[in-house]
Structures are given as C-alpha cells and as structure tokens.
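Asks: For reference, the chains in residue letters:
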Amino acid sequence: MGVLHLVNRSPGESLALAQCLERACAGDAVLLLESGVYAVLKDSVFAPTRLVESMPRVAIHALAPDLAARGIAAEEVLAGVVLIDYVGFVELSVIHTPIISWN
Amino acid sequence: MKFAIQINSAPWESQGCETAYQFSRAAISLGHEIHRIFFYYEGAYNGLRWMAPPEEETPLLRRWSALATEQSVDLVICISAAQRRGLLEQTEAKRVGKLDDDLAFGFRIAGLGLWIDACLKADRFLVFGA
Amino acid sequence: MKNFLFVLRHPPHEGAGIRESLDMVMTVAAFDQSVRVLFLDDGVFLLKLGQCPHNPNLKPTSPLFAALEIYDVEGLWVEQESLAERGLGLANLILPVQTIRREEIAFFLATADIVVAC
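Chains as they are written, first to last, in numbering that gives the first Met the number 0: chain W, 0 to 102; chain P, 0 to 129; chain B, 0 to 117.
In isolation and in its complexed conformation, chain W is listed as follows (with noise of 0.2 Å):
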C-alpha cells in the first residue's frame, strides 16, 4: 500500500494540501486532521475541485471528531471523503507506510 499523507491547515490559510496532492500519487491515502477539514467544504471554492480530482487514484479521508469540534455536518462535506474516527485513524497508519505531514 502507499504512502498516508496527513494534512492539518486549512486551504483557505495554506497550500498544504494542494501541495501535497501534486505530490500523491495511486495508491495513496490522504488524512486531513486538524483545521485540514476545512478542506471537505463541498461549497467552499479551496478545495473541493482539487480533491475530486484526485480523488480516483488518492483515498481522501476526514477526521470525524475535528469535523464535530468545527461545526461542519455530514451533509456539508463532499461526497466521496471518507470518514473515519481515531481508531481508522491508526488503522490507515497500519496499512500504509511511510507517513508523512504537510504543515
């Protein structure tokens, strides 16, 4: 399995994760964490174009509890970011390897 690519900012402050998905490659796992959900905003103009696009070779994935702690609903994220709590979190870090941070 790939490489987890974790991205903690948020695209309207940073260009952590444009950055890092002009890195990522098939077989990839993104995580954003942190203020990097803001990312999912399926009406936000950041994120949402690029994520797409990467989305059929890179697995996007959101951190459900950072969600909550921001206020951002299921019915607010794009569709296809797969959400997972702490535990998928270490599960995703089992599977894949090496890890790496985008701050």
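Any given hint could turn out to be false.
[Stated by the list, open to error] Here are the in silico distance ranges between beta carbons for each label pair:
id : chain 1 : residue 1 : chain 2 : residue 2 : range
1  : P       : 55        : W       : 70        : 14 to 24 Å
2  : P       : 57        : W       : 87        : 19 to 29 Å
3  : W       : 70        : B       : 51        : 40 to 50 Å
4  : B       : 65        : W       : 41        : 24 to 34 Å
5  : W       : 0         : P       : 120       : 17 to 27 Å
6  : B       : 48        : P       : 112       : 28 to 38 Å
7  : P       : 28        : B       : 51        : 44 to 54 Å
[What the hints assert, rightly or not] In silico DSSO-like pairs for lysine-lysine, Cα to Cα no more than 27 Å straight-line:
id : chain 1 : residue 1 : chain 2 : residue 2
8  : P       : 120       : P       : 1
9  : B       : 1         : P       : 120
10 : B       : 1         : P       : 1
Think of the hints as simulated: they come from the structure by calculation, not from any bench. Even glycine gets a Cβ: it sits at the ideal position worked out from N, Cα and C.
Start from chain W and add chains P and B according to the hints.
Replies: Frame of chain W, contents of chains P and B only:
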C-alpha cells in the same frame, strides 16, 4: 505494531498534542504499542511541570503523565530542545548551577539517540504538531 | 538499516529552528542510517545564495547544509518545479544538489521508511 511518535508543538500552540494523545489512546485500545513519544522543538513544553491552565481547560499534562503511568509509554523530552527553551530537570539544573526542577511527572529528558532508537525499533513513525 | 528522508518545506527564519532539524539529520547519519534531504516548496529558500550574514540573529541557513557533506548524508535533493515556481535556478543555490522532478516525488517518498517533515 510498534509506533514511534514525534511531537513538535507546545500544548496550546496547535491541536497537534491533542491529536497525538487521542491517536496514542486509540492505538493502545487496538492492542498496538506506543514505543516512545519524543518531544522536539516546541514540543518540549509539553513536559513543563508548572503549566497551570484555567480549571475548565483539559489538563493535557495530567493526561500525558497518566499515559506514562498506566500504559508504560516512554515520554522523552529532547535535552537540547529543553535547554534551548529553559526547561531543566534536576540533574541538568545542578550541572549548570540552577535550582530549577521543571520536568513534569512521567517524562524524562534525553538526547536524539533515543529518538533514532525509537525510529529504528518502531514499525511506524508519525509526526504531530505544526 | 532504515531509509530516512527529511523533507524541508519552510523558508529560513520561520517556525521550527533549522539547526534543530539538522541535528536530527546528523544524528541519523552518525547512526549509519541512509539519509536523504529533500527541499520542496519554500524549503528551497534554505539553500539560496547571498543570505546576508550581518545580523547575528538572522544567520544564513545555506552554509549549514554545506557542512552536511562531512556527515555522509547521501544526498541533498531539490525539486525542479519548486525552484522554477520561485524564479530560481541551480545557480542561485549555495551548493551543488541533485534535482528531482515533481512526478518523481511520489516514488521518492515511497522508498523511505521514515519521513521526517521539518
């Protein structure tokens, strides 16, 4: 699996510490081992004994100490990061002629040798914090 | 032996100290592990020629990397697109580096056991 974790941010600098703590608890609940948590850069402040947040804020320090005690997780503050930031434990404080004893319960101070030791022994390595 | 890859994406004088990052690089080299350093995005500015040495509080970062040569660090790598996007070329850097194209980064990452983003 064995995990080695590096934390780069201070407790209130970013959510990184909280994420690292929750990840650690989840990993342990699944039967994995958190081999070592190495605090580097501003992460050294996680071991500052004198943190006194307002009562309604979650005492992260107490949770780290509990993780060390209950689950035998090795919490290591990098000595060079600590010295740079004025965090001294007793032995080091005596060596440099100070009276400080800044290290919180459950932590120890050591060099990068323990960081790389953790990287070599672990199956997975993650970095948390800004 | 494990393959360590350090990824530097931030410019000088910002965020975590570059000296502390380099301490990790040199520790890995001292433990006879495989170590590569990859400069991506604004990290390429760490190598830029001409950083002014006059302010003792803002010491140039580029000479620190030149010193890595004696520590058996296997390669300093710079992404070509990161340079080009910033209007820089190899001639703007303080020392010779190996270059890598953006499309090769995925493989470069995947061949590491440990990735340390600094």
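Asks: Determine which of the earlier numbered hints do not hold for this structure and return their numbers in increasing order.
Replies: 4
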